[in-house]
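Undergrad: Each chain is listed here by its residues.
Protein chains: 2
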Amino acid sequence: MATKPSIPKGTRDFGPLETARRNYIFDTIRKAFRLFGYTPIETPAMENLTTLMGKYGEEGDKLLFRILNSGDYLKDAPDDIIMSKDSLALSGKISEKGLRYDLTVPFARFVVQNKNDIQLPFKRFQIQPVWRADRPQKGRYREFYQCDADVVGSDSLWNEVELLQLIDEVFRNLKVRVAIKLNNRKILSGIAELIGERERIVDITVAIDKIDKIGLEKVCEELEFKGIPKASIEKLLPFLQLSGDNSEKLDALSKILKDSEEGSKGVEELKWVVENFDSLGHYCGLDVDVSLARGLNYYTGIIIEVKALDVEIGSITGGGRYDNLTGVFGMPGLSGVGISFGADRIYDVLNSLELYPESVTESIKVLFLNFGEKEAMASMQIVKELRKKGISSELYPDSVKLKKQMSYADSIKAPYVVMIGETELEEGIVVLKDMFSGEQFKVSSSDIEKHIK
Amino acid sequence: MATKPSIPKGTRDFGPLETARRNYIFDTIRKAFRLFGYTPIETPAMENLTTLMGKYGEEGDKLLFRILNSGDYLKDAPDDIIMSKDSLALSGKISEKGLRYDLTVPFARFVVQNKNDIQLPFKRFQIQPVWRADRPQKGRYREFYQCDADVVGSDSLWNEVELLQLIDEVFRNLKVRVAIKLNNRKILSGIAELIGERERIVDITVAIDKIDKIGLEKVCEELEFKGIPKASIEKLLPFLQLSGDNSEKLDALSKILKDSEEGSKGVEELKWVVENFDSLGHYCGLDVDVSLARGLNYYTGIIIEVKALDVEIGSITGGGRYDNLTGVFGMPGLSGVGISFGADRIYDVLNSLELYPESVTESIKVLFLNFGEKEAMASMQIVKELRKKGISSELYPDSVKLKKQMSYADSIKAPYVVMIGETELEEGIVVLKDMFSGEQFKVSSSDIEKHIK
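Here the protein sequences come in this chain order: Z and D.
For the first sequence, my numbering assigns the number 1 to the initial residue and increments by one for each residue that follows.
For the second sequence, my numbering assigns the number 1 to the initial residue and increments by one for each residue that follows.
Because the hints were derived from the structure by calculation, they are not lab data.
One should not assume that every hint holds.
Copies of the same chain look alike in the list, so a pair counts if it fits in one copy or across any two.
When the alpha-carbon atoms are kept at most 25 Å apart in a straight line, the in silico BS3-like pairs for lysine-lysine are as follows [unchecked claim]:
#1 K9 with K62
#2 K453 with K389
#3 K271 with K255
#4 K175 with K384
#5 K75 with K9
No experiment lies behind these values; they were computed from the predicted model shown.
Please construct the entire structure, taking both the sequences and the accompanying hints into account.
TA: Set out below in structure tokens:
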């Protein structure tokens, strides 16, 4: 038992400062969600495996954390499966629950299960941890938070505009400079249709996506290597060479895609969203980017991705429109649009740039030193009054050496220390020390509040 | 896939209203923790089983949710154990992690792991869910929240006083009438010592605990049945017949226990705590109760339990002093005192008594109806301004029939609805409807804020 305890790899403890910083991020996001009319739901950490399996692809199934059934779980497992030592087959017999892998599948499950109580459009937000048995590495954890906002049951593009405003609100409040990248799945389909390679949409978008890194020539080589005919690649060139501002890009796209009904629809939608978002004013840069191809198997309309401008890190927020959230649970045709803030990456960004307001790290406002029982009681009377006014304060619990008490004051970063010794008790005053300037004042206890403002 | 999805038994979904209500409770508790100078930490949902096992007794080990190892977990499991179909033995080979069972053991593990960074006294709070594979029943769930505050590294009884004040603060703010029951483990030891039954402390306290329910005579019968000699039972009678207010009970105890050093110390401690807590004034009733015996194997000083006065439910908060939090992780001698708010039971109490403030159920302040694209854009301009002022508001996304939009307004309980139709757009005004009174006003958009205050 004397071995030093540890935590599972890929998981983290958060101490007081870290938790305060993370809560600042969660609170900022939650406040914005509420301001925009999204309402909170919460779902259990554990879901039935029948709910989770098959929703994230074969690779995703392997990354689920499975809960071992309670009790004598082997009792009803077939002997031949046990004897075969086939882990995969046996896990189906000894495990019925898993930890949630994201917030989207639990949300879909929630909507279907509560469909009689839900009025559409339904705007929900959810801020909870998720778990993935991924190989841990820098910036990738086995337990991390997602902060999702979705509106389902409305096809209006105002929802898209509002979600972009929500992103804008959050990063403005966090003071993080970001670019919001926008695309529309219909534009990608239009491109593939136009060059006669409908089936190759994934290969094409994967290659296009690399243009910033490897350049136009190498992208064309890769497409050729993947078997896209030269004639098709030539037709792709105008897409790859889009330039100018958003409106110029959209005009160019509109011309190029005029013969694809789906592609034209995509351009039109994107244009509407960009123009209305622009009219309302914003803090974040907006960037139409036809190489953006996240969630290709899932999104059917707008695709959104947010990148930090001042830190090298992957996408810190993303989302898009989907048209079949709940089909897999037997409730087809429910469309919606949503975004997910990657709180753990946003935390990394804020840490890198040290963007926390001063107040986030402050644990307590006033620490009262302890000079003995009578003095402590007098202090506690004042502590009680300060707390009533919402000013966090505490008494150092033990009447020990001053040096030790002051070192505690430093460690908790208390901005003010109050001392009530025998003399002060007799005189009916207190000594208030400003820990930042080092100054000390003799004040009456009722004046403490005035001085610490 | 057409089967209706469900969630694991003993777990719960929380919809918007329920989540808002629960957040009201968590926020109230968190605010009090901060006001009192406790700082937040968070630990992972999963802990290594070596950390969890053996800390909650044999029964507790069985109630741990275990995580199946990832990948081919059977590969290295010994054949003989697999073939034996011994679930317990096999789980030690195929599972290394479990879900946390409470917040105390993870806290102890955290303190040991971070001991070089922690300055004592360390006041931490932690609000996180825990999981237990208990048989689900009314008021008992497999996933529920604990809200813990502890101070470790200080023996001062001011900590006890402060924790009582913290309890007082929380239930005053929640407007729940409660009684705080207090005992001291040393008093129980003193009683057992005095009647010469040191080893029978558990039997004695279990029986004493029933006095309210079954009466004095039946308690004595039960003690006799358990083999406590008649002479000892007679010595117990004065304890069982304590009456009067706290100070009278403590005086009586002081006399009865004068020959037990430990018992006397317990009475003295309790007296000090009660007197100082009384001097500072409080909302909750305080009740010295020698039958209180929670955490008998763990607590060494004060024992605290909180009962709701207006709802029949078990303890809704509890705690006490311990003198060896971290010994089991190789760091002996760290004492502390802590309390745990049972948020899920408090939630049940508030639901029974309908104690939520009006504002908790309110999802959004102002809903703008949608009369078409131009009108919607004008609405969104105002929505943006209201949000800047911190007033939650939204546009109904689709330009559909008024009836449908109004029914949405009702369902989300919006207190105000704003209508901007063609006429209003031309006149540069808006129609503001108070959904509570049914009144409608024509106002300028800049006056909305004034009217909804």
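Undergrad: Tell me the numbers of any earlier hints that the structure contravenes, in ascending order.
TA: When the structure is compared with the hints, none of them turns out to be violated.
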